[in-house]
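Trainee: As a plain string of letters, each chain reads:
2 protein chains.
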Amino acid sequence: MKLNILGCYSATPRTFTNPTSQVLEIKNHLFLIDCGEGTQVQLRKNKIKFARIKHIFISHLHGDHYFGLVGLISTFRLLTREAELHIYGPKGIKEIITLQMKLADSWTNYPLIFHELTSKESELIYEDDKVEVHTIPLLHRVYTNGFLFKEKPGERKLNIDAVEQANIDQAYYRKLKQGADVENKDGELIKNETVTYSPDKQKTYAFCSDTAYNESVIPIIKNADTLYHESTFLEKHAHLAPKTKHSTAKEAATIAKKANVGKLILGHYSTRYDDLDEFIREASPIFKNVKLADDGKIFKF
Amino acid sequence: MKLNILGCYSATPRTFTNPTSQVLEIKNHLFLIDCGEGTQVQLRKNKIKFARIKHIFISHLHGDHYFGLVGLISTFRLLTREAELHIYGPKGIKEIITLQMKLADSWTNYPLIFHELTSKESELIYEDDKVEVHTIPLLHRVYTNGFLFKEKPGERKLNIDAVEQANIDQAYYRKLKQGADVENKDGELIKNETVTYSPDKQKTYAFCSDTAYNESVIPIIKNADTLYHESTFLEKHAHLAPKTKHSTAKEAATIAKKANVGKLILGHYSTRYDDLDEFIREASPIFKNVKLADDGKIFKF
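Chains as they are written, first to last, in this note's numbering: chain A, 1295 to 1595; chain B, 1295 to 1595.
So here's chain A without its partners, still in its complex pose (with noise of 0.2 Å):
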């Protein structure tokens, strides 16, 4: 997985700082997380290829996460695409959009596709054979989904000197890698966990963003590779948390260290702060491997 911040402060874009947005590369789709104001320009500035973007996924209504999606969708117009587009959001997203298109008489020439969310339990909203996106139900002002990626496990590996020596088929090696037992040329049964081995483990990436601190999201992400969590404060403005429902730092690395999650990625920093290093001098004592998201950086796992 391949993860390239193109926003990541919270509020108002700013001469350079740009306010959320990700694109996550997953098994060769580009998935794009939020869409604040902005966010076309910094596809370019990240050359990114609009058309290889096919789902949009925002966590809620607030400004800094959308505000860029009518004009994306708008300039995916004008650079004739065709492709489907589907926007998985909260419930008015798609009557907010519509509007202003209708009000441009301006109507898309491709599919646009509309998944709009309203369940507050964590569900499935998009699969095919290689990817799986779940909500991740946030506590904020607003309703809001963070979003779950995982992959689907993939195939089986052959051990090619003892399915050789197991002495089978050519023709069975399909049904070898996708788990099953299979007869040699002798008619044997042959047991799959013999002759392969287990597919590569399955990524999962966790954006939770924005949300105050909220443990029901532990089981949900439990173990994740990756966990983006926003910090839009440190401990010395907690008191700002619970009011605006956000968290702190040391709040994002407790729910890493609960979740067990391999790394926490921070972000959805208040304008307030200078020196970004104290969201690091914050949360590596609870959780160690911590690190800054910054617009256009690039985090592989």
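Read the hints as simulated data drawn from the structure, not as lab findings.
Each hint should be verified, as a subset may be incorrect.
Identical chains share a label here; the pair holds if one copy fits it or two copies do between them.
Here are the simulated lysine-lysine pairs, DSS-like style, with alpha carbons at most 25 Å apart [said to hold, decoys possible]:
1. Lys1591 <-> Lys1339
2. Lys1537 <-> Lys1396
3. Lys1414 <-> Lys1396
4. Lys1516 <-> Lys1497
5. Lys1585 <-> Lys1552
6. Lys1385 <-> Lys1396
7. Lys1539 <-> Lys1396
8. Lys1497 <-> Lys1551
9. Lys1479 <-> Lys1414
10. Lys1446 <-> Lys1516
11. Lys1341 <-> Lys1516
12. Lys1585 <-> Lys1497
For this one, chain A is given, so just place chain B on it according to the hints.
Mentor: Here is chain B on its own, set in the frame of chain A:
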């Protein structure tokens, strides 16, 4: 007057070009004209104080002219603005903005006042003691207005030698500046024009974007000091202009000439052109005093 171009390219925001937005400073007012995506960042880059903007004029509801508006309104809220903000634009603009505020559960803490436009005739939409703003109905694919900004006549200037020679009491100077005839200390009536000079010429600025070639604007913008007129295309692509209801540089120059304006500023270039000097070469044989708009450029007149 001072015109600060924030963005002047058509269609989509790109890495180094911005969609339409400009700030007109006139008699100590700052008027924002159109507000494409990224305008708030352009305001920051051009060091324009957000608090000074009290009136925003939106020409039409195509995204490259207003997708930045909702974000700017939202940023004003985050900056704890208290002053009224007036938005002038086509009917529908209020619904677009209020729908997004409703779904974000984020209402402005300052008065947000919409002046929705529907008239197809030029009308006076703003007036104070120093400035008037009139609409300029344009010919585009959706309902569109340009805007004519007119200084009101200033006070007459005292010819102080003549005033003293005419033996006029200082108490009457104010009336003289306002154009009245007054009695002097000897009870004689003094004709105003014998002791005062005319006020400075009233400046006018006409903004015309987006529009097909449309001679019906000429009586409205007649003798304007400066005309911004869109020139999406060059004549070599003139066949695209009627269909998209845009103009060529030659057409913009023709309007400038027929309206006898002082200066023509071209903008709203299609992104297909790399060499903008071609716009000057096309327009200048028809209208000599022609300039190219560019993002960040300032014109004083």
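Trainee: When no copy is named, should Lys1385 and Lys1396 be tagged within, between, both, or neither for a Cα gap of at most 25 Å?
Mentor: Classified as both: same-chain Cα gap 18 Å, cross-chain 12 Å, threshold 25 Å.
Trainee: How do Lys1585 and Lys1497 come out at 25 Å by Cα distance, when the copy is not named: within, between, both, or neither?
Mentor: within (18 Å within a copy, 56 Å between copies)
Trainee: When no copy is named, should Lys1414 and Lys1396 be tagged within, between, both, or neither for a Cα gap of at most 25 Å?
Mentor: between (31 Å within a copy, 20 Å between copies)
Trainee: Checking an output row: Lys1537 and Lys1396, CA cutoff 25 Å. Within, between, both or neither?
Mentor: Only across copies: Lys1537 and Lys1396 sit 19 Å apart there, 37 Å inside one copy, limit 25 Å.
Trainee: At most 25 Å between alpha carbons: which applies to Lys1446 and Lys1516, within, between, both or neither?
Mentor: within (16 Å within a copy, 68 Å between copies)
Trainee: With identical chains, the pair Lys1341 and Lys1516 could be close in the same copy or across copies; at 25 Å between alpha carbons, which is it: within, between, both, or neither?
Mentor: neither (33 Å within a copy, 46 Å between copies)
Trainee: At most 25 Å between C-alpha atoms: does Lys1585 with Lys1552 qualify within a copy, between copies, both, or neither?
Mentor: within (17 Å within a copy, 63 Å between copies)
Trainee: State whether the alpha carbon distance between Lys1497 and Lys1551 is at most 25 Å within one copy, between copies, both, or neither.
Mentor: within (18 Å within a copy, 66 Å between copies)
Trainee: Is it within, between, both, or neither for Lys1479 and Lys1414, if the alpha carbons may be no more than 25 Å apart?
Mentor: neither (54 Å within a copy, 85 Å between copies)
Trainee: Under a CA distance limit of 25 Å, which applies to Lys1516 and Lys1497: within one copy, between copies, both, or neither?
Mentor: Within one copy only: 12 Å inside, 67 Å across.
Trainee: Is the C-alpha distance from Lys1539 to Lys1396 at most 25 Å within one copy, between copies, in both cases, or in neither?
Mentor: between (34 Å within a copy, 18 Å between copies)
Trainee: Pop the pair Lys1591 and Lys1339 into one bin, within, between, both or neither, using alpha-carbon distances up to 25 Å.
Mentor: both (12 Å within a copy, 23 Å between copies)
Checked against the numbered hints listed earlier, the structure breaks hints 9, 11; every other hint is satisfied.
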